[in-house]
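Student: So you can see what is in the structure, the chains are spelled out below.
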Amino acid sequence: MSEPIKIRASIKGSEGEVRVLMPHPMESGLRKDPSGRVPPAHFIIQVSLSLNGRPVIEGALGTSVSANPLFAFQLKDVKAGDRVAVSWLDNTGQKGSAETVFSAS
Amino acid sequence: MKRRHFLKAFGSVSALAPLIGSGLLRPGQALAVDFNRAPFEAKTPADVLRLTGTGAAEATRDIFLKVPEVAENGASVPVEISSNIPGTTRLAVIIDKNPLPLALQFNFGPEAVPRLQTRLRMAESSRLRVVATAGGKHYTVFRDVKVTIGGCGDQ
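Protein chains in written order, with the numbering used here: chain B, 139 to 243; chain X, 387 to 541.
These are computed hints drawn from the structure, not numbers from a lab. Treat the hints loosely; a few may be bogus.
[What the hints assert, rightly or not] Here are the computed lysine-lysine pairs in the DSS-like style, where the Cα-Cα straight-line distance is at most 25 Å:
(1) X:Lys452 with X:Lys523
(2) X:Lys523 with B:Lys214
(3) B:Lys150 with X:Lys452
(4) B:Lys170 with X:Lys429
(5) B:Lys150 with B:Lys233
(6) X:Lys452 with B:Lys170
(7) B:Lys214 with X:Lys452
(8) B:Lys170 with X:Lys523
[What the hints assert, rightly or not] Label pairs and their in silico Cβ distance ranges:
(9) X:Ala445 with B:Gly191: 33 to 41 Å
(10) B:Arg157 with X:Phe450: 12 to 20 Å
(11) B:Lys170 with X:Glu458: 33 to 41 Å
(12) B:Lys170 with X:Thr430: 21 to 29 Å
(13) B:Ser173 with X:Ala445: 42 to 50 Å
(14) X:Glu458 with B:Gly151: 27 to 35 Å
(15) X:Gly521 with B:Gly167: 30 to 38 Å
(16) B:Lys170 with X:Gly441: 15 to 23 Å
(17) X:Pro464 with B:Lys170: 35 to 43 Å
(18) B:Ser152 with X:Glu455: 32 to 40 Å
(19) B:Val239 with X:Glu458: 34 to 42 Å
(20) B:Gly174 with X:Thr446: 43 to 51 Å
(21) X:Ile471 with B:Ala210: 30 to 38 Å
(22) X:Pro496 with B:Arg146: 21 to 29 Å
[Claimed, not checked] Among the chain X residues that face chain B by a calculated CB cut under 7 Å, a handful are:
(23) Asn459
(24) Ser462
(25) Glu497
(26) Gln503
Computed from a prediction, not measured in an experiment: that's the story for all the values here. Cβ coordinates follow ideal geometry from the N, Cα and C atoms, glycine included.
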């Protein structure tokens, strides 16, 4: 993907909040475009979140997730400096990933 | 061969579905993500529940679900979910009237709070259900959402 993932991690109390925006068309393969063609399905099927290299949240997506998926997650007992990474895989085998570090709010 | 390279070489997940189902492709992740795509291809909520083995989900008040009562733009409906059921390991969202009702399914490890916020498409006014899994049992809650302009249409 040409556009990079946006990832932000902040600490609120003892919990860490991670917000991720993954630029992706999330084409369902069911929609007609204005010219009447049906663009082929092209959507993210898997999203993983890891904390200091260990997987903590993993998900499977369908075509009902909006274009440019936006997610917010919460992690327990996070401290400043912890590394959080997100990665996705789509139905065509394309991948994307990004990581950041928790900063004290 | 690494799974991802394998996927890339194949170029299509549906081509791999039989292999995944047969256990030939075993994902190496620590969390038990369901790589069976069949529930995502189911066309009715009943089939989604059957294929995910959650048909017997028990109604609960311990799942917080925030969705607008009226969504003006079906292309992007904000959804916030969190489970107060101890030991929740999975959250799934089903939009009954979408052509493919299963929207997402997330697994949460012990370091994660079983909570998420996202934006979903709704083709038309529909019931939106959440199914939470905790200790091998399933729990559910739903809301009916009115959609002014559908989000899977021709625009």
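Student: Tell me if the straight-line CA distance from B:Lys214 to X:Lys452 falls inside 25 Å.
Tutor: Within the cut-off at roughly 22 Å; holds.
Student: Given the hint of 43 to 51 Å, is the C-beta distance from B:Gly174 to X:Thr446 inside that range or not?
Tutor: 45 Å Cβ-Cβ, so the 43 to 51 Å window holds.
Student: Is 33 to 41 Å a correct range for the gap between the Cβ atoms of B:Lys170 and X:Glu458?
Tutor: 22 Å, violated
Student: Does the Cβ pair B:Ser152, X:Glu455 satisfy 32 to 40 Å?
Tutor: At roughly 33 Å between Cβ atoms, X:Glu455 and B:Ser152 fall inside 32 to 40 Å, so the hint holds.
Student: Would the hint on X:Asn459 be counted as holding, given a Cβ-Cβ threshold of 7 Å to chain B?
Tutor: 10 Å, violated
Student: Verify the proposed pairing of X:Lys452 with X:Lys523, using a straight-line Cα cut of 25 Å.
Tutor: With Cα atoms ~22 Å apart, X:Lys452 and X:Lys523 stay inside 25 Å; holds.
Student: Holds or violated: is there a CB of chain B closer than 7 Å to the CB of X:Ser462?
Tutor: Result: holds, 5 Å to nearest chain B Cβ.
Student: Quickly compare the C-alpha distance for X:Lys452 and B:Lys170 to 25 Å and report which way the hint goes.
Tutor: 30 Å, violated
Student: Are X:Ile471 and B:Ala210 spaced within 30 to 38 Å by their CB atoms?
Tutor: Cβ of X:Ile471 to Cβ of B:Ala210: about 20 Å, so the range 30 to 38 Å is violated.
Student: Just tell me: holds or violated, for the beta carbon distance of X:Gly521 and B:Gly167 against 30 to 38 Å?
Tutor: 37 Å, holds
Student: Below or equal to 25 Å on CA atoms is what counts here, so check B:Lys170 against X:Lys429.
Tutor: 19 Å, holds
Student: Does the CB of X:Gln503 sit less than 7 Å away from some CB of chain B?
Tutor: It holds, given that the least Cβ distance between X:Gln503 and chain B is near 4 Å, below 7 Å.
Consistency with the previously given hints fails for numbers 5, 6, 8, 11, 16, 17, 21, 23, ordered from lowest to highest.
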